[in-house]
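Visitor: Residue-level listing of the chains:
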Amino acid sequence: MDASLLVIQPASAEPIYRQIVEQLRRLIASGQLAPGDLLPSVREVAGLHAVNPMTVSRAYSLAEGEGLLQRLRGKGMAVAAQRNASRTAAQRLALLEPQLAALARQARELELPAGQVLRRLDQMMGNKAP
Amino acid sequence: MNAVARNVAAESPAPLQAGGLVHRYDSKAVLDQVSLSLEPGSVLGLIGRNGAGKSTLIRAMLGLLEPDAGSAFVFGEPALKLPDHVKERLGYVPQQPDALAWLTATQMFDYLSRFYPRWDGRFVENTMQRWRIAGDKVMAKLSPGERQRVDLVRALAPQPELLVLDEPAAALDPVARRELLREIALRAGESGTTVLFSTHIVSDLERVASDIAFLHDGKLLLHCPVDDTKERYARLWLPANVAHAAPASVFGKRRHEDGSVSVIVERDSQGAWPDASRLPAARVDALGLEDLFVEIAEP
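In order, the protein sequence lines correspond to chains A and B.
When we follow my numbering, the leftmost residue of the first sequence carries the number 36, and every step to the right adds one.
When we follow my numbering, the leftmost residue of the second sequence carries the number 77, and every step to the right adds one.
Rather than coming from a laboratory, the hints here were simulated on the basis of the structure.
Hints should not be assumed to be uniformly reliable.
To be verified - Far from chain A, some chain B residues (derived; all Cβ distances over 12 angstroms):
#, residue
1, 95
2, 154
3, 179
4, 189
5, 336
6, 349
Said to hold, decoys possible - Examples of chain B residues toward chain A, derived with CB under 10 angstroms:
#, residue
7, 116
8, 118
9, 254
10, 258
11, 259
12, 265
13, 283
14, 285
15, 286
16, 303
17, 304
18, 305
19, 362
20, 365
21, 367
Claimed, not checked - Quick list of in silico lysine to aspartate or glutamate cross-link-like pairs, DMTMM-like style, CA-CA up to 25 angstroms:
#, chain 1, residue 1, chain 2, residue 2
22, B, 329, B, 366
23, B, 329, A, 49
24, B, 213, B, 255
25, A, 110, B, 266
Where a beta carbon is used, it is the ideal one built from N, C-alpha and C, also for glycine.
In isolation and in its complexed conformation, chain A is listed as follows:
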C-alpha cells in the first residue's frame, strides 16, 4: 500500500489518528487492502502528509489492537488475516453509518426529499440514474 492512498484532513473534527484508522478499516473491508499487504512505514506516512509520526504510530497501534493490522518482525505493519474475511454488504454499510447519519441530518435541514438526495448520490458514485 502506498502512503498517498490515505487522505488526511486536519480541519475535520475527527482527530487525524482516527481518520487513519477509519480509512484502513474501509480499505480492508472492501478488499482494496488484502491480508498480508504491507503498510507504509510510519516515517513514509508522516513525511508525505507532514503529520506528527506519533499520530501515525498511534493509529497503527490502535488498528493492531483491533485486529486490523499485525506487526511483522523486521517488516513493519501488514494487514492481518481478517476473522470475517469477506464482509457482507450489510457489514460494510454499517461502516458508513456515521457519515449517513450526518448526511440525513443535513438533508432534513435543507428540506430535501430522500429521493432527490439518493439520485445525486447515485450520480456521484458513477452509476447512471435509473
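Take the given structure of chain A and dock chain B to it, following the hints.
Guide: Relative to chain A, chain B alone:
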C-alpha cells in the same frame, strides 16, 4: 544539599519550563500567570490571536525578556542566565529575523558553523538548493520569505534538541510551509527534537503538533494533547426556551440574537457530555480546532 540538587538535574529536566510568568507593557498585563512545560520529544503548538502574548511568552521562556514575575528554565537552567552548553542545544527563529543582515547567507553559515559542534553542512547545502535561495546575496536584500527560510536553515543546521519557532510560517508560501512542517514532524519523530512553535494557522498546528496551548489575553486557557482537544470539547447549542439550562463553562457563553445559546462543553470523567446536552432540541457539535479556537477567542 548539593548532592540533592545534582541528582535532580541528572533526571533530564524538561527542555522548556515556565512557572507563574507575569509581564506588563505599560499597565496592560501581556502575560498573566502563565505556567507551561514541554515534555522531551513533544511538539507544542502555541496558538492565539495577534497580540495574545505569544511572542512575549516565547521570549520570556527563553530568557530574552525579563518577566515582571515568575521564572523560566531551559534544560533545567535559569533562562536569564543560560550557559553556552545549553545555548548550543537550542535553536530559535524569531518572528522577524534581522541579525547579521549585512552578511550573505553563505558567510553567516560559515561563521556560525564554527560555534556548533553538530553543525550539519550538508543539510544547509541541500536545503538552500531545494529552496532556491541565493547564498551569495546580502541577506538584507532577500525577500521576507527567503529571509525567514534562511533563518530556519540557520536554526536547524546545528541539530538542536530544542527548536523554538515564532510564527515560522508567516512569510512562507503553502509549498514551503508544508516542507517546514515535514521537517518539524520528522525531526521530532526521529531525533526526539522538542519543538515549540507559535502560529495562528490552525491547520499547520493540527498536522504536526502533539500538544496544543491556547493563549488568550495573556492567559493560558487550554493545554492538552491535540487529539484529546477534538474529542474532549464540543459546542452545545440550546434553543431559546431552554437557554437557561446552559451549564457554566470556563470559556464563557455566547448568546445569539434569537435567544439561543452556545457554549463550549467538556466531557466528564466518564466521557459523558453535561446533562443539558440531553434536553430536547439541544445539539452537540464536534468541532475542528479552528472552530473551537474561534468560539473561545471571539468576544
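Visitor: May I ask which of the numbered hints given earlier this structure violates, with the numbers listed in increasing order?
Guide: 7
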